[in-house]
Amino acid sequence: MNRVSTISGRAIPFGRKNVDTDVIIAAEWLKTISREGLGEGAFASIRAEPGNIFDEPAFAGAPILIAGDNFGCGSSREHAAWALLDMGITAVIAPGFSDIFASNAFKNGILSVTLPQEQIDRLMEVAQTDPITVDLETQTVTTPFQDRFTFEIDPFRKTCLTEGLDEIGLTLARDEAIGTYETRQAAQMPWLAKGIAA
Amino acid sequence: MANNSNPGKPRTLYEKIWDAHVVETREDGTSLIFIDRHLVHEVTSPQAFESLRMAGRKVRRPDLTLAVPDHNLPTTARLDADGKRIPIADAQSAAQLAALEANAPAFGIRYIDASAAEQGIVHVVGPEQGFSLPGSTIVCGDSHTAAHGGVGALAFGIGTSEVEHVLATQTLQLKRSKTLEVVVDGALGIGVTPKDLILHIIGEIGTAGGTGYVIEYRGKVFEEMSIEGRLTVCNMSIEAGARAGLVAPDEKTFAYLAGRPLAPKGADWDAALAWWRSLPSDPGALFDKSVRIDAGDIQPTVTWGTSPEDVVPIGGKVPDPASFADPSKQAAAAKSLDYMGLTPGQLLSEVPVENIFIGSCTNSRIEDLRSAAHVLRGRHKADTVKWAIVVPGSGLVKMQAEEEGLDKIFTDAGFEWREPGCSACLGMNPDKVPPGERCASTSNRNFVGRQGPGARTHLMSPAMAAAAAVAGHLTDVRDLPT
Numbered sequence: 001m002n003r004v005s006t007i008s009g010r011a012i013p014f015g016r017k018n019v020d021t022d023v024i025i026a027a028e029w030l031k032t033i034s035r036e037g038l039g040e041g042a043f044a045s046i047r048a049e050p051g052n053i054f055d056e057p058a059f060a061g062a063p064i065l066i067a068g069d070n071f072g073c074g075s076s077r078e079h080a081a082w083a084l085l086d087m088g089i090t091a092v093i094a095p096g097f098s099d100i101f102a103s104n105a106f107k108n109g110i111l112s113v114t115l116p117q118e119q120i121d122r123l124m125e126v127a128q129t130d131p132i133t134v135d136l137e138t139q140t141v142t143t144p145f146q147d148r149f150t151f152e153i154d155p156f157r158k159t160c161l162t163e164g165l166d167e168i169g170l171t172l173a174r175d176e177a178i179g180t181y182e183t184r185q186a187a188q189m190p191w192l193a194k195g196i197a198a
Numbered sequence: 001m002a003n004n005s006n007p008g009k010p011r012t013l014y015e016k017i018w019d020a021h022v023v024e025t026r027e028d029g030t031s032l033i034f035i036d037r038h039l040v041h042e043v044t045s046p047q048a049f050e051s052l053r054m055a056g057r058k059v060r061r062p063d064l065t066l067a068v069p070d071h072n073l074p075t076t077a078r079l080d081a082d083g084k085r086i087p088i089a090d091a092q093s094a095a096q097l098a099a100l101e102a103n104a105p106a107f108g109i110r111y112i113d114a115s116a117a118e119q120g121i122v123h124v125v126g127p128e129q130g131f132s133l134p135g136s137t138i139v140c141g142d143s144h145t146a147a148h149g150g151v152g153a154l155a156f157g158i159g160t161s162e163v164e165h166v167l168a169t170q171t172l173q174l175k176r177s178k179t180l181e182v183v184v185d186g187a188l189g190i191g192v193t194p195k196d197l198i199l200h201i202i203g204e205i206g207t208a209g210g211t212g213y214v215i216e217y218r219g220k221v222f223e224e225m226s227i228e229g230r231l232t233v234c235n236m237s238i239e240a241g242a243r244a245g246l247v248a249p250d251e252k253t254f255a256y257l258a259g260r261p262l263a264p265k266g267a268d269w270d271a272a273l274a275w276w277r278s279l280p281s282d283p284g285a286l287f288d289k290s291v292r293i294d295a296g297d298i299q300p301t302v303t304w305g306t307s308p309e310d311v312v313p314i315g316g317k318v319p320d321p322a323s324f325a326d327p328s329k330q331a332a333a334a335k336s337l338d339y340m341g342l343t344p345g346q347l348l349s350e351v352p353v354e355n356i357f358i359g360s361c362t363n364s365r366i367e368d369l370r371s372a373a374h375v376l377r378g379r380h381k382a383d384t385v386k387w388a389i390v391v392p393g394s395g396l397v398k399m400q401a402e403e404e405g406l407d408k409i410f411t412d413a414g415f416e417w418r419e420p421g422c423s424a425c426l427g428m429n430p431d432k433v434p435p436g437e438r439c440a441s442t443s444n445r446n447f448v449g450r451q452g453p454g455a456r457t458h459l460m461s462p463a464m465a466a467a468a469a470v471a472g473h474l475t476d477v478r479d480l481p482t
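Which chain is which? The protein sequence lines are A and B, in order.
For the first sequence, the positions run 1 to 198 when the working numbering is used.
For the second sequence, the positions run 1 to 482 when the working numbering is used.
Hints in this document: simulated from the structure, not taken from any laboratory.
Among the hints, a few may not be true.
Calculated pairs, DSS-like style, for lysine-lysine (alpha carbon to alpha carbon, straight line, at most 25 Å) [claimed, not checked]:
1. B:Lys220 to B:Lys252
2. A:Lys194 to B:Lys408
3. B:Lys178 to A:Lys158
Here are the computed distance ranges between Cβ atoms for each label pair [said to hold, decoys possible]:
4. B:Arg260 to A:Asn52: 36 to 42 Å
5. A:Thr129 to B:Leu480: 55 to 61 Å
6. A:Glu125 to B:Lys175: 53 to 59 Å
7. B:Asp113 to A:Glu125: 52 to 58 Å
Which stretches of chain B does chain A cover? Using the computed rule of at least three CB atoms under 8 Å from a CB of chain A, they are [to be verified]:
8. 202 to 211
9. 268 to 281
10. 369 to 378
Treat the numbers as computed from the prediction; the structure is a model and nothing was measured.
By construction, the Cβ of each residue, glycine as well, lies at the ideal position given by its N, Cα and C atoms.
When you get a sec, could you build the whole thing from the sequences and use the hints?
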């Protein structure tokens, strides 16, 4: 995973609530066997609306997206996170995220920042004209106008993001503990441990 | 594995399953959780296998993994008259299927072929094969994995990075969820099905109401519900934001699983049964949140908007966006109505439909098909209905239905009888609803563009979709003369 520290730049003041992952990237784009190139299909149904925010030149390549509550609900498709990354978005700020999207975002080094609606409203206003900075180390979102909002993040996730750790590598290092569990399960719950070996 | 950190404290079903699967817990509260069963399909796995290959990693427990294609398979005939496979026309879909067909044997994973009788939608196949077991942890790169909670499994959807993590380690790094009990007492009325119930529940909780929670469905209604009904309810837990939903396993669950091909046998079965019987939430176990619903309040229910929380009883009207207190909900409702081509105050029962889809991991099991066939027997779809399809959840469901003559009832009624798969639920195979047209659908999501770009989805039960086919518009199934 890429290291995450400070993300600074224009923020797309999208603000819509309950944006599902079908809207972020439609199923037609899920036929790929790659993680690349999905930005082209991102938010297609919204981009079909004339004057939509995503196609405003001011926000081209913006690294931050500001959304409404329950961002990324619905399908578990990680393609939604890949599509955002491909658009150049590495931080999403919203009042709330779906559990699966938040996890997918984290695995791809996208920071999902949860802030209360009032602060989101303020950021939406600032984002119309000015850049925003998200800093992982200090867990803050700041604007050029002295706004300074702090956010919570799971300490394990913060460490992984800051140090760019490979989570699978970390878990594989716990091989002995997993092996111990498997031995115990084989003794106590053999019907589960036996699996479906051919 | 009565790995109880606080003996004597009453525990919920979720807590018992969680405790039995903790490999270790770190100081920051993250636990390494062992995964008993992993279902893999063609859409969310190719990148995971590719990453394993690049890193030179193996699948730790291929024996706990089962692969089956479902999402982008066309539901038209798969074999020609000579029994040879008919190639998939769409090159990308064909490549994705080919990737799974190659990855499964390369990593030693059991694979159900697209033309096998056992093939079907992962969430239909798991319980049907006895792969999904009470008290087990089940994951799949698909949010509707919650379905398997219907047999009392802790089952949830994961992204592709987590698919890779489970393949490599057979574990996930997780934090314990909060618990939400949804208690429904009383009895469902005639013509009111588990689908109506879960749509009603989602309307009550809201699409984000279950975020951070695992739901346990409790109360008389669920105790009396069939396993297939429980699978339908748990399936849509994610539509209320909850990653998993559960119903406590009971004698019905055990009877359902007994003798299934991958279910435990002999002494293993007896040992499993003893543990399964200890799983239901203890009296006095505390939930973080509780929602109570009276089954008697629930009518056949349909959606009007583009979120599964946008529900209304079939006798109701399309709401006026101004009637919502929350300004952002007002704006969202106005946008939804515009997309759906509906006007405030319009009676739902007057909304015409041109397409009918009976299928999906929510409603494609034998009881669903029986319920729809019961309505359609001796009837025909309205002429204004252009496209009506029934897509069984698996080859075995299809065979069972054919044995009962249900296929004949459907085709006599003007429906197409298809091969198993995800079909028109998600618009990534040839089964799509044309732009601007409406579909009475037994699937799980009415999102913008879900059934194809511009498609307008109304979610409902199989019986209600069948009734809509006959009437040519949404209608109360209870109004059809019996």
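Next item on the list: With a C-beta cutoff of 8 Å, work out whether three or more residues of the stretch 268 to 281 of chain B approach chain A closely enough for the coverage to hold.
Entry: holds (count 5)
Check: Is the hinted range of 36 to 42 Å satisfied by the C-beta distance from B:Arg260 to A:Asn52?
Finding: violated, 50 Å
Check: Okay, A:Glu125 versus B:Lys175 on CB: inside 53 to 59 Å?
Finding: violated, 34 Å
Next item on the list: Determine whether the Cβ-Cβ distance between A:Thr129 and B:Leu480 falls within the hinted range of 55 to 61 Å.
Entry: holds, 59 Å
Check: Taken at face value, is the distance from the CA of A:Lys158 to the CA of B:Lys178 at most 25 Å?
Finding: Holds. B:Lys178 to A:Lys158 sits at ~22 Å (cutoff 25 Å).
Checklist line | CB-CB spacing for A:Glu125 and B:Asp113 relative to the 52 to 58 Å hint | finding: At 56 Å between Cβs, range holds.
Check: Are there three or more residues in the stretch 369 to 378 of chain B whose C-beta lies closer than 8 Å to some C-beta of chain A?
Finding: Violated, because only 0 residues of the stretch 369 to 378 of chain B bring their Cβ atoms closer than 8 Å to Cβ atoms of chain A.
Check: Is B:Lys220 close enough to B:Lys252, meaning Cα to Cα at most 25 Å?
Finding: holds, 14 Å
Notebook entry, point to check: Are A:Lys194 and B:Lys408 close enough, with their CA atoms no more than 25 Å apart?
Noted result: Distance of about 41 Å is beyond 25 Å: violated.
Next item on the list: State whether the coverage of the stretch 202 to 211 of chain B by chain A holds or is violated, taking the criterion as 3 or more residues with Cβ-Cβ distances under 8 Å.
Entry: Held - the stretch 202 to 211 of chain B has 3 residues with a Cβ nearer than 8 Å to chain A, which meets the minimum of three.
In this structure, the earlier hints numbered 2, 4, 6 and 10 are contradicted, and the remaining ones agree with it.
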